[in-house]
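Protein chains in written order, with the working numbering: chain Y, 16 to 96; chain P, 10 to 417.
Note that these hints are calculated values from the structure, not bench results.
Treat the hints with care, as some may be off.
To give a feel for the contact side, a few chain Y residues facing chain P, derived at Cβ under 8 Å [as the list claims (entries may be wrong)]:
| no. | residue |
| --- | --- |
| 1 | Leu21 |
| 2 | Arg26 |
| 3 | Ala30 |
| 4 | Glu33 |
| 5 | Arg35 |
| 6 | Thr45 |
| 7 | Cys72 |
| 8 | Ala86 |
A few chain P residues that don't get close to chain Y, going by computed Cβ distances all over 12 Å [unchecked claim]:
| no. | residue |
| --- | --- |
| 9 | Leu72 |
| 10 | Thr87 |
| 11 | Val174 |
| 12 | Arg223 |
| 13 | Ser234 |
| 14 | Pro239 |
| 15 | Ile250 |
| 16 | Ala271 |
| 17 | Arg384 |
| 18 | His398 |
| 19 | Leu401 |
| 20 | Ala405 |
Think of the CB as a built atom: it goes at the ideal place given N, C-alpha and C, for glycine as much as any other residue.
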Amino acid sequence: MSGALLQIAARIDDAAAELRTRAARIAHHTADARWSSDGARRCYARLGAVTADLSGCASDLDALADQFRRAAARQAAGDAP
Amino acid sequence: MTAISVRGGADGITAHLDDLLRVAAEIRHASTAVEQIRHDVRTNTAYWLIDDQLALDTLPLHLAVTALVGPFGRLTLTGAALEHLASAMRAAVELYEDADDTVLESLAGALGHLAAATGAVAIGHYRTAGHQFFDAVPDVTDVVTGALRPLDHPVAAAVTDGHAVVTRLGTDTSAEGSRAPASITDLIDELAWRNAGKHGEISVSILVGADGVRRAIVDIPGTKSWNPLPNRDVTSVGTDIRALAGDDTSYEHGVLEALTDAGISSHDQVLLVGHSEGGIVAVDAARDAVRSGRFNITHVVTAGSPIGVIARDLPASVQVLALENSADLVPRCDGAANPDRTNLTTVTGRVQHYSVGADHDIEKSYEPLAAATDRSVDPSIEHFIRSAHGFLDAPAVATSTFWIRRRL
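Only chain Y is shown next, with the shape it has when bound in the complex (with noise of 0.2 Å):
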């Protein structure tokens, strides 16, 4: 049983990391735009803000992996979930 509670966590670790790529894919190409126009810098503060949102949810899911692997040690332990 604890195997199969840290593959999940290693699944969820997994993707953490793919969030956290696409969050500073996201910034990368928002850092290389040429922005002039008032539109486009109050998008680029849009973005600034879905880039922290990912980044968010990425924190999220590495919090919920340290969750699983407690669990995983707990009941390696005999301290059954």
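Following the hints, position chain P against chain Y.
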């Protein structure tokens, strides 16, 4: 000092729209990734939740999973927000591309200037009225010639253009012919020098840049004969009519033949510099030579050329710098403003002599505009000059001159 405004190029609206589309595509990919992750987490944890049968001490885990991937979980909402944002950005770009605001701006400008001129006459300010009417004329020209544009091709097809006959005149050993250009002003100076030659005379200058790459600069003067009847002069108005419609001409074929005669191959980079009709021919030649693969024409500089219509068909690999004197009627005579394209930078300034000829003159009007362009720190201009640096940093050039005539 001539004040300038810049449209298009690397910092133009189209470039910005391209950037927005790239970011929108990236956001859509992120949205897809989020949905996939949400699905994976739900599937993986679902197996475990069944096994676990909701034991009380694992309740925090159940809650954490639901808070992330449940119907109102953070991942669910973030994925939906990303999809919505990507769609909104794409829709904004499409809306902008669909709106032909250039025509509206032109029309509004014309009406505004004419109304002001009429008002000035009414209160006796004739000189002011003259200025304002003059301001309005180019805009009116746009509207009128735009309305006549559907007639371009039938009229052009009726013009007898014959075939190009190219004669090598020799090497230009003068100071002007031997001087390597270092700026846009130098390019326009040298075009003025070539313009002083005989009707149909062009030049091909071969240079080797600091990077060791061989390049060629071709100077193509404009209309010199106003004879509308079929004749042997390729710089007569017949070329204007055909070239403006985007049709190939004997003048264009002669330019390409001269490049071959000068030993230029499809591996050498080529810059075409044209005034008025020469600029139209340069844009048509760049389009045809790049499409066929015959020559690698990477850059075009035009001065006082109406290229608003024909520039739409230019391959993206050709960078164009178009100088336009707003007091000059000629750049407006195709009835279309230059499109805002990443590879087309239009520099507009006002050098007014209150003379149709002087306002169109290379030395009187376009050299000051070129000097203002060189002084500018506009990002689109700087991008064009950086991209053309190989043509502007050679220590010397060897210039050959050619005479193009039309055989009927």
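- Task: May I ask which of the numbered hints given earlier this structure violates, with the numbers listed in increasing order?
- Result: 1, 5, 9 and 10
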